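There are 2 protein chains.
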Amino acid sequence: MEKLTLIKVGGKIVEETDTLNSLLDDFVRLCGAKVLVHGGGRSATTVATQLGITTQMIDGRRVTDEAMLRVVTMVYGGLVNKQIVAGLQQRGLNALGLTGADMNYMLSEKRPAVPIDYGFVGDVKKVDGAALADLIAKNIVPVLAPLTHDGKGNLLNTNADTIAGEAAKALARYFDVTLVYCFEKKGVLLDETDENSVIPHLTENEFERLKAQNVIVGGMVPKLTNAFAALKAGVRAVVITKADDITKNVGTRIE
Amino acid sequence: MEKLTLIKVGGKIVEETDTLNSLLDDFVRLCGAKVLVHGGGRSATTVATQLGITTQMIDGRRVTDEAMLRVVTMVYGGLVNKQIVAGLQQRGLNALGLTGADMNYMLSEKRPAVPIDYGFVGDVKKVDGAALADLIAKNIVPVLAPLTHDGKGNLLNTNADTIAGEAAKALARYFDVTLVYCFEKKGVLLDETDENSVIPHLTENEFERLKAQNVIVGGMVPKLTNAFAALKAGVRAVVITKADDITKNVGTRIE
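Here the protein sequences come in this chain order: A and B. Going by our numbering, the first sequence opens with residue 27, and the numbers climb by one from there. Going by our numbering, the second sequence opens with residue 27, and the numbers climb by one from there.
The set of hints was computed from the structure by calculation and includes no laboratory data. Each hint should be verified, as a subset may be incorrect.
Note that the list lumps identical chains together, so a pair holds whenever it fits in one copy or between two copies.
Computed list of lysine-lysine pairs in DSS-like fashion (alpha-carbon distance at most 30 Å, straight line) [said to hold, decoys possible]:
1) Lys29 <-> Lys164
2) Lys136 <-> Lys178
3) Lys274 <-> Lys136
4) Lys136 <-> Lys164
5) Lys29 <-> Lys178
6) Lys38 <-> Lys249
7) Lys274 <-> Lys178
8) Lys152 <-> Lys164
9) Lys151 <-> Lys164
10) Lys268 <-> Lys178
11) Lys237 <-> Lys38
12) Lys211 <-> Lys164
13) Lys152 <-> Lys212
14) Lys29 <-> Lys258
15) Lys274 <-> Lys151
All figures in this text were calculated on a predicted structure; none of them were measured in a lab.
Bound-form chain A, shown alone (with noise of 0.2 Å):
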């Protein structure tokens, strides 16, 4: 199978000019089939502060009432969707910008409010891969935006690091997929403190005892579980690493 590579960035890594720029030369420096996923939290609790709307956050996560729902509507599928698009354009690459409504390529449904109403959020209940691969067949690399739709009329935000790990695992029966996560550090550390402890290769079972002695601990937990599951739904390979190392072979590698 022709190999596929997904590539998931988060907010802070897009909103900038230098740091999007940069990755963006790089992500077309990869080789084969790519897909992009986006983030993009900053801007929209910046959008949201300038509009008057206060950010709400349980547990890290976005709260999101109706105005939230505006507001990440126009950031994540306008403003950083559509700079992405253009700048990959500009770069020779024939991107197109996805939300999950687009093409119904991922339908969710929202959230029930109990034990906590995160408002206008979805989980996955369906990806439509052989749209997707439709389209990267084609030459077209999909960028896909943290949103998805109900199918009742209603866009839903959808963490990204989901989008990336359900559009892999979509893709897996069509490509040879890794699945790539650039986080803020180098890599799963060993001691949080020393960016040289990477570890290159984790395994579930020295996971599961690295979290049970609180070495793996915080965000990292559901990004890791995430991964493992990826794997066993037919993903190659997750990688996670810094942004600005995308086309070097570094970071934490699990297969």
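Based on these hints, arrange chain B on the given structure of chain A.
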């Protein structure tokens, strides 16, 4: 050739839930291949105001400085476009929202700053009708936002009437195209104060005569000039009608 209807609707219709829903219900009922082009100027002005950005208009056209470009990218490419796409998916139409940067389907160049500096506004240079036709052949309904790009990484604000006309001309190689401009009145009126004075058919000679007599004035003049240019470029018919009437055989028909 297969029939294709390209509907252009302005901001007023797509920015209010009731009129948008009614339009989408009608749009779904249209037979054959279809494309929807939307504006969004009112929402852009509202969001700009909320963000403390002043909207400057010259001859009814928006001046798009860098701050305003961010606003229209958010509002046209995100908010309005994605709400329409989600609404069409809800109605079973497989919609895909596009700016000119997406799939590089509409390339433009920044309008010269002389005689009037409109800022980041694009004049269309090249339309990839084949890319749109490919999507339509797969039963995908393109939803076109009034944004293009210059191939140098910049998005450019582009009049929705122009997007509609250029897309219609590019699609005329593949389809029997009817271009429908939704208008606040029932069509081109012989007497602006009388909604019953719609001119059912208009020839270019008649248009020139009525223009010389100042019966047809204002924004209708460029709209009709573009309409006749579209016919010469292979578009089968141009219809000017009320958004409520797109499924009826009424309004002013030019062919």
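Hints, verified against the model:
1. Taking identical chains as interchangeable, the C-alpha atoms of Lys29 and Lys164 lie at most 30 Å apart whether they share a chain (15 Å) or sit on different chains (26 Å).
2. In this assembly of identical chains, the alpha carbons of Lys136 and Lys178 lie at most 30 Å apart only when taken from the same copy (11 Å versus 38 Å across copies).
3. For a Cα distance limit of 30 Å, the shortest separation of Lys274 from Lys136 qualifies neither inside one copy, at 38 Å, nor across copies, at 37 Å.
4. Taking CA atoms no more than 30 Å apart as the test, Lys136 paired with Lys164 passes between copies only; the shortest distance there is 29 Å, against 33 Å inside one copy.
5. When the C-alpha separation of Lys29 and Lys178 is checked against a cutoff of 30 Å, the pair qualifies only between copies, where the shortest distance is 29 Å, while the shortest distance within a copy is 35 Å.
6. In the homo-oligomer, the alpha carbons of Lys38 and Lys249 lie at most 30 Å apart inside one protomer (17 Å), although the nearest pairing across protomers, at 43 Å, exceeds that limit.
7. Taking CA atoms no more than 30 Å apart as the test, Lys274 paired with Lys178 passes between copies only; the shortest distance there is 27 Å, against 43 Å inside one copy.
8. When the C-alpha separation of Lys152 and Lys164 is checked against a cutoff of 30 Å, the pair qualifies both within a copy, at 23 Å, and between copies, at 20 Å.
9. Taking the shortest Cα distances, Lys151 and Lys164 sit within 30 Å of each other both inside one copy (26 Å) and across copies (23 Å).
10. For the identical chains of this complex, Lys268 and Lys178 are inter-copy neighbours only, at 27 Å across copies versus 38 Å inside a copy, given an alpha-carbon limit of 30 Å.
11. Taking the closest pair of Cα atoms, Lys237 and Lys38 come within 30 Å of each other only inside a single copy of the chain (26 Å); across copies the shortest separation is 55 Å, beyond that limit.
12. Within a single copy, Lys211 and Lys164 get their C-alpha atoms no closer than 34 Å, and across copies no closer than 43 Å, so neither meets the 30 Å cut-off.
13. Neither within a single protomer nor between protomers do Lys152 and Lys212 lie at most 30 Å apart by alpha-carbon distance, with minima of 32 Å and 43 Å respectively.
14. Taking the shortest alpha-carbon separations for Lys29 and Lys258, only the intra-copy value of 18 Å comes in at or below 30 Å, while the best inter-copy value is 47 Å.
15. Taking identical chains as interchangeable, the C-alpha atoms of Lys274 and Lys151 are never at most 30 Å apart, the minima being 34 Å within one chain and 39 Å between chains.
Checked against the numbered hints given earlier, this structure breaks hints 3, 12, 13, 15; the rest are met.
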